[in-house]
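Protein sequences, first through last, are from chains A and B.
Per this note's numbering, residue 1 is the first one in the first sequence, and the count goes up by one each step.
Per this note's numbering, residue 374 is the first one in the second sequence, and the count goes up by one each step.
I should point out that these hints are in silico values taken from the structure, not numbers from a laboratory.
There may be inaccurate statements among the hints.
[Stated by the list, open to error] Ranges of calculated distance between the beta carbons of each label pair, as one might list FRET restraints:
#1 A:G346 / B:P457: 20 to 26 Å
#2 B:R452 / A:P332: 46 to 52 Å
#3 A:R192 / B:D380: 44 to 50 Å
[Claimed, not checked] On the chain A side, residues computed to face chain B include the following (Cβ under 10 Å):
#4 H111
#5 D187
#6 F200
Ideal Cβ placement from N, Cα and C applies to all residues, glycine included.
Number of protein chains: 2
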Amino acid sequence: MRIAPPDRLHARVKDVRASLAARHLDGVVVTSLANIAYLTGFFASAAALVLTRDEVILIGDSRYSESLANRAHECPFIRPRQLPIGDSYEQGLVDALIPLRGATLGFEPDHLTVRRHRYLTRGLEKIGWEPPLVGCDGVVEHHRSQKDDWEIAVLRDAGARLSNVAKCILSNVLGGRTESEVAGQIDLELRRAGFERAAFDTIVASGANAALPHGRAGQRRIEPGDLVVLDFGGVLDGYCTDLSRTLIVGPAGSRERLVIEQVVDAQRAAFAAVRPGAAPESVDEAARSTLAGYGIADAFTHGTGHGLGLEVHEAPRVSRVRAGQTEPPLGPGMTLTLEPGAYFPGWGGVRIEDDVLVTNDGAEWLTDAPRIL
Amino acid sequence: MRIAPPDRLHARVKDVRASLAARHLDGVVVTSLANIAYLTGFFASAAALVLTRDEVILIGDSRYSESLANRAHECPFIRPRQLPIGDSYEQGLVDALIPLRGATLGFEPDHLTVRRHRYLTRGLEKIGWEPPLVGCDGVVEHHRSQKDDWEIAVLRDAGARLSNVAKCILSNVLGGRTESEVAGQIDLELRRAGFERAAFDTIVASGANAALPHGRAGQRRIEPGDLVVLDFGGVLDGYCTDLSRTLIVGPAGSRERLVIEQVVDAQRAAFAAVRPGAAPESVDEAARSTLAGYGIADAFTHGTGHGLGLEVHEAPRVSRVRAGQTEPPLGPGMTLTLEPGAYFPGWGGVRIEDDVLVTNDGAEWLTDAPRIL
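Let the hints inform the model, and build the full structure from the sequences given.
See below:
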């Protein structure tokens with residue numbers, strides 16, 4: 001697994017520091033694991049980070065002692081703190097924060113449970129630090145949503161590999177196999193292509209199951225005439241990719257073929273709407289109005305897409321406007337999925353999904369494989 | 374996927390209601406997805422639940438409309454509420470709670486972020502409901518930790534299947550293949566054995582990587598003389614299993630063989646300590662003191678085990694006592710892992726892990742496969 005080079009990580013830390021200063025914060029307690037990986041290259045199932053004007057304190061536990069030492073060695077700006085065995089991360093954070101008493105520190109309300117927040121607050125109030133922490137969501141995520149050159153190179157590489165996996169799978173005969181068998185083959189091809197793991201539980205939804213946007217892969221045997229939705233992605237160097245195709249098994253029925261063409265058309269319209277400055281909801285609207293033109297708007301029961309990077313669902317949200325919320329406009333370096341679909345309970349469903357990069361003047365496909373088969 | 378029968382789910386709801394009454398609560402807002410699945414059989418990547426003295430309100434979004442309807446159809450005690458497209462779960466909860474205004478409701482501080490909690494609190498305070506929600510952690514988890522007959526049958530079945538996967542994998546020649554290739558084969562065998570998916574990212578850690586308790590599976594090619602830690606599990610009907618073995622590739626070195634025997638001995642000692650009424654830390658101590666007797670206590674850098682069920686890590690925690698915390702004693706129906714290990718940076722590591730059920734008078738292995746190969 002390649003990790004972003006130290007100078008790149010340091011540049012990210014400096015960008016976040018500038019955002020903190022603009023919010024009049026002396027630092028931030030980071031508890032999102034993806035945000036920690038972004039700033040330090042430390043990938044773990046548990047960690048905590050304190051980032052201040054002049055320190056980057058990375059807290060890990062004994063299971064990660066080697067990688068913790070490695071990170072500090074590679075990146076001199078990182079100060080590692082290994083938790084004493086048996087101590088909780090909450091206690092580790094309190095201990096790390098005590099010397100910073102009185103500073104104005106942010107925390108991530110979206111990535112801290114009420115229980116952990118109470119523990120921290122009480123621990124800090126005990127030493128007379130009040131109010132100890134200020135909620136500040138999305139500071140690191142804002143920077144993460146605009147990928148840097150290193151990340152774009154990884155995502156282009158990952159997209160090309162995922163496209164190859166798709167081509168390999170799509171050339172297979174699916175009829176007669178169970179959904180789970182096909183999913184197993186996809187997962188194996190993802191590893192063969194160099195991915196560390198699947199980005200999410202691979203979906204193979206056939207026949208009536210294809211009408212469930214969140215069907216998984218079960219023991220159903222795929223039959224001639226079935227529509228089969230395949231939705232899968234791999235993680236490369238920590239970065240997620242995500243692709244869907246819908247196949248017709250055996251001779252194509254006319255309705256099946258028509259709906260696939262309509263959804264592909266909706267995806268094409270969404271792609272044409274992607275450019276810097278565009279509102280994410282205008283991309284959603286482009287797909288939605290295309291399907292409305294075909295009279296099947298009601299069958300499209302989810303959003304058009306989502307950002308992707310260190311997490312398989314991250315900013316931006318490419319969907320209808322949610323009451324009281326606005327999404328920032330698209331900007332160069334954002335990577336997102338375009339995945340319109342149409343679902344008809346009892347009959348089946350179609351979803352076509354690819355990943356795109358917002359460029360300086362439009363969009364670039366990160367994944368590409370035949371859409372109509 | 375089999376789901377617990379409606380009368381079983383209803384019995385669980387009644388048990389939780391009794392616990393709520395004992396805490397003088399009129400109900401609870403459940404946001405842990407595993408707790409929701411336990412009480413309703415609704416498995417989803419997003420959901421919320423309001424359980425009161427006489428209602429079970431299950432909130433889902435449009436992607437899950439079919440399964441939501443199915444749950445309500447199967448279980449007449451469940452009242453489904455589908456979120457309007459675009460609404461957040463927080464808003465869905467506020468809307469569902471308004472008619473209950475004035476009730477004393479609990480929430481799960483461990484399963485609610487600060488942001489969502491603030492949203493709920495503000496939404497309810499607006500209608501003059503104050504204090505709207507009371508923190509009450511672990512109410513559902515307490516019941517989940519003692520599996521009922523239906524769950525025990527599933528876990529026995531899952532354990533037998535996982536043991537077969539282990540026997541199949543252990544009979545393979547690993548030398549010359551990459552860690553990732555072996556992990557891919559394990560994942561495929563898990564699906565062949567009927568598991569819905571892997572319970573966690575399969576670990577294949579060879580050579581010096583075996584010294585990392587949380588190593589994953591990389592591109593390293595396995596070589597003669599390597600120790601290889603394999604750690605994998607499958608999910609059956611929503612329930613997780615977890616097993617580790619450590620292999621020596623090629624002719625066994627004497628130190629490699631010795632450490633494996635010592636760790637197997639520690640696991641045997643832990644198993645002998647499992648019985649109703651035993652403190653979880655006494656099970657940990659049994660493993661730890663065995664390794665101390667061999668002079669390698671310092672090489673055992675994690676806890677002896679964890680509960681498993683709908684989550685791969687759940688109560689009880691089988692580890693050293695954490696300052697200020699006590700774990701309840703073991704009771705019949707609890708299922709847990711026993712996974713002592715010994716790790717030597719630069720040399721390699723060993724972990725041996727099986728799943729056990731606490732019975733009325735001792736313990737029963739849920740998984741079993743040769744430990745010394």
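Taking the hints in turn, this is what the structure says about them:
1. Between A:G346 and B:P457 the CB atoms are about 23 Å apart, so this pair conforms to the stated range of 20 to 26 Å.
2. In this structure the supplied range 46 to 52 Å holds for B:R452 paired with A:P332, their Cβ-Cβ distance being about 47 Å.
3. Under the hint 44 to 50 Å, the C-beta atoms of A:R192 and B:D380, about 46 Å apart, fit the expected range.
4. Because the smallest distance between the Cβ of A:H111 and any Cβ of chain B comes to about 7 Å, under 10 Å, the interface hint for this residue holds.
5. Because the smallest distance between the Cβ of A:D187 and any Cβ of chain B comes to about 5 Å, under 10 Å, the interface hint for this residue holds.
6. The beta carbon of A:F200 is positioned within 10 Å of a beta carbon in chain B (closest approach about 9 Å), and the interface hint is therefore held.
Violated hints for the displayed structure: none, as all numbered hints are satisfied.
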